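So the protein sequences, as listed, match chains A and B.
If you read the first sequence in this note's numbering, its first letter stands for residue 218, the second for the next number, and so on.
If you read the second sequence in this note's numbering, its first letter stands for residue 98, the second for the next number, and so on.
Calculated directly from the structure, the hints in this document are not laboratory data.
Hints are not guaranteed to be accurate.
Straight line, CA to CA, 20 Å or less: simulated PhoX-like cross-link-like pairs of lysine-lysine [said to hold, decoys possible]:
#1 B:Lys162 - A:Lys612
#2 A:Lys612 - A:Lys333
#3 A:Lys612 - A:Lys680
#4 A:Lys689 - B:Lys201
#5 B:Lys115 - A:Lys608
One-sided and incomplete, this derived list gives chain B residues near chain A with beta-carbon spacing under 7 Å [to be verified]:
#6 Glu141
#7 Leu142
#8 Leu145
#9 Lys162
#10 Ala163
From a predicted model like this one, the values you see are computed outputs, not experimental measurements.
From the three backbone atoms N, C-alpha and C, an ideal C-beta is built for every residue, glycine too.
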Amino acid sequence: MLIFEHSRSGRINKAQSTNPGSLANSIPEKFLRKKRAGLPEVSELQAVRHYTSLSQKNFSIDTHFYPLGSCTMKYNPRCCNSLAMLPGFLARHPESDESLGQGYLACMYELQEMLKEATGMKSVSMAPMAGAQGEFAGVAMIRAYHDSRKDHSRTEIIVPDAAHGTNPATAVMCGYKVREIPTRSDGDIDLDALKEAVGPQTAGIMLTNPSTLGVFDRNIEQMSKIVHEAGGLLYYDGANLNAILGKVKPGDMGFDAIHINLHKTFSTPHGGGGPGAGPVGVSERLIPFLPIPYVTHNVAQDVSQEGEQFHLLTEKECPQTIGRLSTFMGNAGVLLRAYIYARMLGREGMKRVGEFSTLNANYTMVKLKENGFNIALNTRRATHEFIVTLKNEAKNMDVNAMDFAKRLLDYGFHAPTTYFPLIVPECLLIEPTETESKEILDQFISAMATIRTEAQENPELVKNAPYSLPVKRLDDVKAARELDLVFRPDTDLKP
Amino acid sequence: MSDIPGDLKYTKTHEWLKILDDKTLVVGITAHAQDLLGDMVFVELPELDTSYNAGDDCAVVESVKAASDIYSPVSGEVIEINEALTDAPEIINKAPYEDGWIFKMRAEDFDEVENLLNANEYEEFCASEEH
Numbered sequence: 218m219l220i221f222e223h224s225r226s227g228r229i230n231k232a233q234s235t236n237p238g239s240l241a242n243s244i245p246e247k248f249l250r251k252k253r254a255g256l257p258e259v260s261e262l263q264a265v266r267h268y269t270s271l272s273q274k275n276f277s278i279d280t281h282f283y284p285l286g287s288c289t290m291k292y293n294p295r296c297c298n299s300l301a302m303l304p305g306f307l308a309r310h311p312e313s314d315e316s317l318g319q320g321y322l323a324c325m326y327e328l329q330e331m332l333k334e335a336t337g338m339k340s341v342s343m344a345p346m347a348g349a350q351g352e353f354a355g356v357a358m359i360r361a362y363h364d365s366r367k368d369h370s371r372t373e374i375i376v377p378d379a380a381h382g383t384n385p386a387t388a389v390m391c392g393y394k395v396r397e398i399p400t401r402s403d404g405d406i407d408l409d410a411l412k413e414a415v416g417p418q419t420a421g422i423m424l425t426n427p428s429t430l431g432v433f434d435r436n437i438e439q440m441s442k443i444v445h446e447a448g449g450l451l452y453y454d455g456a457n458l459n460a461i462l463g464k465v466k467p468g469d470m471g472f473d474a475i476h477i478n479l480h481k482t483f484s485t486p487h488g489g490g491g492p493g494a495g496p497v498g499v500s501e502r503l504i505p506f507l508p509i510p511y512v513t514h515n516v517a518q519d520v521s522q523e524g525e526q527f528h529l530l531t532e533k534e535c536p537q538t539i540g541r542l543s544t545f546m547g548n549a550g551v552l553l554r555a556y557i558y559a560r561m562l563g564r565e566g567m568k569r570v571g572e573f574s575t576l577n578a579n580y581t582m583v584k585l586k587e588n589g590f591n592i593a594l595n596t597r598r599a600t601h602e603f604i605v606t607l608k609n610e611a612k613n614m615d616v617n618a619m620d621f622a623k624r625l626l627d628y629g630f631h632a633p634t635t636y637f638p639l640i641v642p643e644c645l646l647i648e649p650t651e652t653e654s655k656e657i658l659d660q661f662i663s664a665m666a667t668i669r670t671e672a673q674e675n676p677e678l679v680k681n682a683p684y685s686l687p688v689k690r691l692d693d694v695k696a697a698r699e700l701d702l703v704f705r706p707d708t709d710l711k712p
Numbered sequence: 098m099s100d101i102p103g104d105l106k107y108t109k110t111h112e113w114l115k116i117l118d119d120k121t122l123v124v125g126i127t128a129h130a131q132d133l134l135g136d137m138v139f140v141e142l143p144e145l146d147t148s149y150n151a152g153d154d155c156a157v158v159e160s161v162k163a164a165s166d167i168y169s170p171v172s173g174e175v176i177e178i179n180e181a182l183t184d185a186p187e188i189i190n191k192a193p194y195e196d197g198w199i200f201k202m203r204a205e206d207f208d209e210v211e212n213l214l215n216a217n218e219y220e221e222f223c224a225s226e227e228h
């Protein structure tokens, strides 16, 4: 039910209504509405009940296991929120003088340094406001690099077929042509196809390693060599950083630009559109092109300057920068949460993130295999996520991946990612993350096994799931074909 | 296995091609392809009077599961597009080899058509893809 449907003409909330005639008097007559705004008219209690009830319908990490592959839905410690909301942070005005914000700038500098250390890159800018913007910044830097060398023949970006859809989209946004290369059946990228694809037209390659297939590409050093020898640069999509945190560094693999999804690996809120953060890291040759502002640390000349050591770099110091991506330096509150999380983990903790996320994924994978499920690439060790393919179930029981996903909701588990990566038929991409206990993983495994038995004995039961949720199966064909997001009180609301 | 008519030619990217006369071809996607993709919700047709090389992406079909490029099976010029698909993309699901055709083209070089897969080869290819 929409809040508009609770609306009754003239019902208002006295405590919050403004004094009539006080505020809007100075607006010229011609700008005033002729008709009342189409807003819901409800009491305070109705508004509270409506939104509380909506929040109770949510599947969230606070209420449910959320093994959404490629999204790293891990638990974000509460103290990251509470410390990021200390009054000194909350009340700091972004336009205030740098000398008054040294504490905040020190935190941001330290976060930059920690991200550099964790990724093995030479410099980091936290200006991008989201993962997608980080991707854009990364490829824009690659472009700026080639342009600065007057190397204008480089018009192509290579993207493997298992890539996230944002990769080819980013390349196109930056004015490049996308060249797709295939993945071999063992999950690694086809090196021969890569050798054939590179040339003087190659601006770079965009890679996710571990890939979206949940395996670490063993030929990364060779790929790096092939692309670099052709004059291209390597871009690292940080989506799966959780698996290798504290273990392997993209910088050591030969990457020139990377973006980091702080909301996946560093415990900031998953946005649903924002506010997010997508810091970028670069190798030596891309440093001049980093987006601004980012924090630098001036070693004080004498004691009197000690208080003003941290400074935001701007166009003046970075003339070759790709520019600004937002008004200030990213989303301050989000970056602070990541800073606190990284400080809590420390170097040792980061290593354990990689180890436990990988252990949880491999445990769940092996147990599901024992329960009769087919694992894609089942000769490989999983990273932080793995793929179940329900091809046989779809063929023999007529119950597909979507049916399994819907039935899981009835058992109190958020569905894994379905039908991605596109190159594996009837797949579920499962990522347990390091924050789940063995008991929860066992419950999930047991639910999957139960659903498999149900699919054998009573396929209709699974095909019509879910039964326990406020919304049953949606008509996604109709939703896609007749997309209509505008509520019209006059026509849509039945009296 | 889905329906694979014997009189058509096929690509490894799951397009089918039918020879209308010595210059004209009609192109669509196979029953197997539409089955994998699921219910179609959107079709982006190729540009009329535009020439494509064999293997160029020239159209897009989008289903509830995924968006997928359609590749030109041979080199040539697009001479007719199936406008009916714009309003009713589900025709591809219902009749992939008949009313669900996507575009017609004038081939530059008919030898390219000979190099495509025949029905048996395409069936084998689909089976090998399934492992």
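Structure-based check of all given hints:
For the suggested pair B:Lys162 and A:Lys612, the alpha carbons sit about 18 Å apart, so the restraint of at most 20 Å is met. At most 20 Å may separate the alpha-carbon atoms for a hinted pair to count; A:Lys612 and A:Lys333 exceed this at roughly 48 Å. For a cut-off of 20 Å, the pair hint linking A:Lys612 to A:Lys680 stands: about 14 Å separates their Cα positions. Distance check on the hinted pair: A:Lys689 and B:Lys201 sit about 42 Å apart at the alpha-carbon level, beyond 20 Å; violated.
Under the criterion of a C-alpha separation no larger than 20 Å, the hint pairing B:Lys115 with A:Lys608 is inconsistent with the structure, at around 31 Å. Given hint, B:Glu141 at the interface with chain A, is violated; its Cβ is 14 Å from that chain's nearest Cβ, farther than 7 Å. The restraint placing B:Leu142 at the interface with chain A is violated, with a minimum CB-CB distance near 16 Å, outside the 7 Å limit. Taking 7 Å as the C-beta contact cut-off toward chain A, the hint placing B:Leu145 at the interface is violated, the least distance being around 23 Å.
Here the hint on B:Lys162 is kept, as its CB sits about 5 Å from the closest CB of chain A, short of 7 Å. Hint on B:Ala163 holds. Least Cβ distance to chain A is approximately 5 Å, under the 7 Å limit.
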